[in-house]
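Protein chains: 2
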Amino acid sequence: MRIKQMLFILNKVYKEPIMGQNLPKGFQFFSDHVGIKADQKDLGIIVAENVCHAAAVFTKNKLCGVSIPIGQEKLHNNELQAIVVTSGIANVATGAQGSANAEAICAAVAEDLKIASQNVLPSATGVIGPQLPIAKILPKIHHISASLTSDYHDFVKAISTTDTKIKARSIKIGDATILAVGKGSGMIEPNMATMLVYMMTDANIEKSTLYAMLKEAVDQSFNVMSVDTDTSTSDTVVLMANGLAGAVAPGAFQNGLNEVTRALAEDIVSDAEGATKVIEVNVTGWQDSQQGKIIGKAVVNSPLVKTAINGADPNWGRLVMAIGKTQIVGLNFESLSLKFGDYLIFDHGNEYSKNLLNIEQYLKNNEKVSIYIDLGMAPAAETVSVLGCDLSKEYVEINSAYTS
Amino acid sequence: MRIKQMLFILNKVYKEPIMGQNLPKGFQFFSDHVGIKADQKDLGIIVAENVCHAAAVFTKNKLCGVSIPIGQEKLHNNELQAIVVTSGIANVATGAQGSANAEAICAAVAEDLKIASQNVLPSATGVIGPQLPIAKILPKIHHISASLTSDYHDFVKAISTTDTKIKARSIKIGDATILAVGKGSGMIEPNMATMLVYMMTDANIEKSTLYAMLKEAVDQSFNVMSVDTDTSTSDTVVLMANGLAGAVAPGAFQNGLNEVTRALAEDIVSDAEGATKVIEVNVTGWQDSQQGKIIGKAVVNSPLVKTAINGADPNWGRLVMAIGKTQIVGLNFESLSLKFGDYLIFDHGNEYSKNLLNIEQYLKNNEKVSIYIDLGMAPAAETVSVLGCDLSKEYVEINSAYTS
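So the sequences go chain by chain: A and B. Mind the numbering: the first sequence is residues 1172 to 1575 in the numbering used here, read in order. Mind the numbering: the second sequence is residues 1172 to 1575 in the numbering used here, read in order.
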């Protein structure tokens, strides 16, 4: 959860484009067109100059892609040196042939780079069902080292599908840096994981603590975000730490990791399919943070809330509906308070209809809409802050087209 | 759940328009314009000529309208004689004033009809937040008897909001008849209840069994239906039995009630906001029926499945995603089987891509799309059949307009 003390963090989170000293030392990128997509780059590789401490969280979708169990197995020793991503076909529902293809791609990358295949993580995104065109892909994986670059842009473009913007964020923690890059703009309600996000740091972080740190960061960023309630079969977040910048204070690193993941999550919802507005739902006054998360998710996932915000309609009754449908015991009108931005609309049983026009203007004029819900069921000390986006005709347009 | 033996029921379910002997004896209707809406009828009353045995199920939304607790209290003795419905304002989040208004409307109806106010159920649908214009409404409630008619059409029009069709179904069970009328086309994922549905029968059914019968019927109809995942604050289903046609066999009555509620549920999803297609998801091979319901709901509620069907896109990978995101233990590709209509697309690990064009044609040419999911986790003896609809640009258009 995003909690209050995080407001005191003053580290600057760098946005796109990120260059030079705001990139971590020791990581490089490769990208190419290998024939999965018609005419766009569709293969990306991240290469670390040494073996990194690493941790990852994956989709909880039970019908997951073949990359997921392979990745889980490879992360057992908390080490990685490269990540190879194919884009256009998700390698899901592809059985033993799909697994063999993923392993063959990792082996080819390892052989070309002269590193251990065990330290190469496979990832895939795209259409569910078809097999990868392995005969086209393997011959393209050679002389990787000759084409490596510290510029991540072509790598991110190569792994993107319906994304319209490059998603990348970085943050400095002392001499160290965290870089997070990713893709994703539909089929997004990650659960314990997310779309594809790769994070690299030159901080020296203990293997034993890396997973817990990643999990905390993911829980207050990608796990409180939803575009369309649809949990992908391939969601993956990986963090690689190569140690080249030396040790940093664990608390400072955790705060930086939280900030950079939250910023990247906001990049993802703002580039969601058809989205015109980011919706941030801040829930206080819950008895436990799980209640806050359930209610925040119910609001950002409600088609009627999402369409109202798309149309700048101050239809606060839909917030009431979405909160109440969670069936959480103790919800009541007498202690409920609702605000859009700075404008109160309902407070302890009373409607503030004089603010309706102000709210309409607020919704019209802002690309990020903040909703504040105080349940009043407990003192409002902490905030659960959930991210989502509006629902537009363009979302329907994009997703009703023939197999995208 | 809709189970196999129901296929053997041969009773004809009558559709709109229903007249004469296909209506139950002893129920009449009233409708008028009372000034909630600008220029449409907005008050409807159902009147029984005698006190009826009655049962009702209501929304589980915790921030429900004031009509809900009033109705629950009135149903304690399982008796009703009239139902009064206001349309345009939902009387939700209106506090003590809202409750007093609902009680005043019931009292006015009771006084005019010379019946007990305890036996008049209030119902309301429309925008959440505002108070009812009670000073306009009360003077209009007089001389009801002079305007009563056995034709339900104007009543249903008066209670409708964004509905574009009259929803009514009836069925004969021996000499008795069940009539079900209702409204609802958005904010629909009922939970233990549904939108507004009123059912009248002249069968003589014991008070003590009426609720259980209603619950069984609702569980295999309105409770396995979703338009948009949004559970209304005012959902209500009421069944009134006046006994004028004498006793009927309880099993035959239950079957008839199941059939007529299922048919009305299908009417509601087919007239859902912006919908162009009904989606029926039939799930077999589950270990318990709750798994079947969760998976069926996950599929009909997936925006990516709904938009694919809107675009006649045979994107079966989205079924895989929606099934897997339920995280039900035991799901696996090796025992999974997927069909659209008569066309197999995935079976025990193998894709039948030769059927893709047939499925595309099937989706293009049918207003009702049947999806068959066999999980293969247990013998496929029974089917859970969930109803939904596609997601179109028109849904976004309707719901992004200023406070609808």
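One should not assume that every hint holds.
Note: identical chains are not told apart, hence a pair may lie in one copy or across any two.
Calculated cross-link-like contacts (lysine-lysine; reagent style PhoX-like; alpha-carbon spacing at most 20 angstroms) [to be verified]:
(1) 1510 with 1212
(2) 1564 with 1448
(3) 1212 with 1336
(4) 1378 with 1525
(5) 1386 with 1448
(6) 1535 with 1285
For the record, the hints were derived by calculation from the structure and aren't laboratory data.
Hints, one by one, checked against the model:
1. 1510 with 1212: neither (45 angstroms within a copy, 34 angstroms between copies)
2. 1564 with 1448: Both: 13 angstroms inside a chain and 17 angstroms across chains, each within 20 angstroms.
3. 1212 with 1336: within (15 angstroms within a copy, 50 angstroms between copies)
4. 1378 with 1525: neither (56 angstroms within a copy, 48 angstroms between copies)
5. 1386 with 1448: neither (27 angstroms within a copy, 41 angstroms between copies)
6. 1535 with 1285: neither (55 angstroms within a copy, 52 angstroms between copies)
Violated hints, listed in ascending order, are 1, 4, 5, 6; each of the other numbered hints is respected by the structure.
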